[in-house]
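Those protein sequences? They're chains A and B, same order as listed. Residue numbers are given in the working numbering: position 187 of the first sequence equals residue 190, and the series is strictly consecutive. Residue numbers are given in the working numbering: position 159 of the second sequence equals residue 162, and the series is strictly consecutive.
Fair warning: there could be bad hints in the mix.
Because identical chains cannot be distinguished in the list, a pair is counted as satisfied if it fits within a single copy or across any two copies.
As the list claims (entries may be wrong) - DSSO-like, lysine-lysine: derived pairs with alpha carbons at most 30 Å apart:
#1 Lys-181 / Lys-28
#2 Lys-87 / Lys-181
#3 Lys-57 / Lys-181
#4 Lys-87 / Lys-47
#5 Lys-28 / Lys-57
#6 Lys-176 / Lys-47
#7 Lys-87 / Lys-57
It should be emphasised that the hints constitute simulated quantities derived from the structure, not laboratory data. Computed from a predicted model, the values in this text were never measured in an experiment.
There are 2 protein chains.
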Amino acid sequence: MCAEMASLARPRERILETARQLFHKHGIRGVGVDAIADAAGTNKMTLYRHFSSKDDLVAECLRAAARNAAVLWDEMAAAHPGDKLQQLHAWVRVAAECVGADDRGCALANAAVELTEPNHPARRVIEEFKQEQRERLARLCAEAGIPRADLLADSLSLLLEGARVSCQAVGPKGPSAKFAEMAEAIIASFAA
Amino acid sequence: MCAEMASLARPRERILETARQLFHKHGIRGVGVDAIADAAGTNKMTLYRHFSSKDDLVAECLRAAARNAAVLWDEMAAAHPGDKLQQLHAWVRVAAECVGADDRGCALANAAVELTEPNHPARRVIEEFKQEQRERLARLCAEAGIPRADLLADSLSLLLEGARVSCQAVGPKGPSAKFAEMAEAIIASFAA
Numbered sequence: 004m005c006a007e008m009a010s011l012a013r014p015r016e017r018i019l020e021t022a023r024q025l026f027h028k029h030g031i032r033g034v035g036v037d038a039i040a041d042a043a044g045t046n047k048m049t050l051y052r053h054f055s056s057k058d059d060l061v062a063e064c065l066r067a068a069a070r071n072a073a074v075l076w077d078e079m080a081a082a083h084p085g086d087k088l089q090q091l092h093a094w095v096r097v098a099a100e101c102v103g104a105d106d107r108g109c110a111l112a113n114a115a116v117e118l119t120e121p122n123h124p125a126r127r128v129i130e131e132f133k134q135e136q137r138e139r140l141a142r143l144c145a146e147a148g149i150p151r152a153d154l155l156a157d158s159l160s161l162l163l164e165g166a167r168v169s170c171q172a173v174g175p176k177g178p179s180a181k182f183a184e185m186a187e188a189i190i191a192s193f194a195a
Numbered sequence: 004m005c006a007e008m009a010s011l012a013r014p015r016e017r018i019l020e021t022a023r024q025l026f027h028k029h030g031i032r033g034v035g036v037d038a039i040a041d042a043a044g045t046n047k048m049t050l051y052r053h054f055s056s057k058d059d060l061v062a063e064c065l066r067a068a069a070r071n072a073a074v075l076w077d078e079m080a081a082a083h084p085g086d087k088l089q090q091l092h093a094w095v096r097v098a099a100e101c102v103g104a105d106d107r108g109c110a111l112a113n114a115a116v117e118l119t120e121p122n123h124p125a126r127r128v129i130e131e132f133k134q135e136q137r138e139r140l141a142r143l144c145a146e147a148g149i150p151r152a153d154l155l156a157d158s159l160s161l162l163l164e165g166a167r168v169s170c171q172a173v174g175p176k177g178p179s180a181k182f183a184e185m186a187e188a189i190i191a192s193f194a195a
């Protein structure tokens, strides 16, 4: 049995992975804990033994999504060691792949739209994630030697955020299909 | 009695306006028809006499939001008759005002995130609205004499979409606060 299968055999991991898939497909408010427990082959009592509430489970799902993004950053750095400009172009490619791979967008941004309660425990996860992504990108732009690195990073961040929402609004053949071209044009204009 | 109050005295208009406010505040899935009928000072039977279903009411709310956007375009054209470049700068200002005015974003984009059902009647309203906004902006960029007008319009569209989501994710002091500065930098780079 491979490590991933072994981990999914544990109820907590199975519930978490099932919840992520169902939230992704139907939206957070479109799925109840009963359906999650059922699809994970367990029951509500077990779910509540591992997660104190649905809100807690949602926050944990978003933390898992954030960890996936951290892996992508590590891979970009490893693929172009020390070459910050190449890492920035890799960011564009990886971001474009994320946009094109899936027309349901960013789990954390979607959660920000869905969860209107200001005190929802997921809100802090979303804020910290988005701020961390923004800071990493700004640092990369600065280290790549591009002037006005903060403004460039913010422009690229919003462009990506917009592409992932546009995909949900008009589908993957809309403006989001040109994300990489637009991002590279913006980088070139700042670098010029 | 002013015209608007007279129109709100009609149950249909009152239900529509109340639904828009509640959907905006709590999300579409966060509000049921009972709560809408109640807040509009009417009852579910009256609501269903005017709207065949909650889905139909949602689609009608989004059509109303789309009509508001059309008014903004008319005002921009009227403020700078014949001067397409000034109209484009006015678009940036108006868009920045929309971003800053409200941290719950675009009703139509939010609905695209919330409503995961592919056959929801709101989906056509959302698609048509987003496509129309994109075409109007592309036409304006072309008439303002800017090269690669389509790519510029798509970049500005995604930047705006991203700013409205970012506002919900990290609040109005995040990257979205610099929307106008970013948009003008992109316009300048295309015009250069």
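Hint by hint, here is what the structure shows:
1. Lys-181 / Lys-28: Intra 24 Å, inter 33 Å, cutoff 30 Å: intra-copy only.
2. Lys-87 / Lys-181: For Lys-87 and Lys-181, both the intra-copy (23 Å) and inter-copy (25 Å) Cα distances are at most 30 Å.
3. Lys-57 / Lys-181: neither (37 Å within a copy, 35 Å between copies)
4. Lys-87 / Lys-47: neither (48 Å within a copy, 60 Å between copies)
5. Lys-28 / Lys-57: Result: close both inside a copy and across copies, 17 Å intra and 21 Å inter.
6. Lys-176 / Lys-47: neither (40 Å within a copy, 40 Å between copies)
7. Lys-87 / Lys-57: neither (41 Å within a copy, 51 Å between copies)
In terms of the numbered hints stated before, the structure departs from hints 3, 4, 6, 7, listed from lowest to highest.
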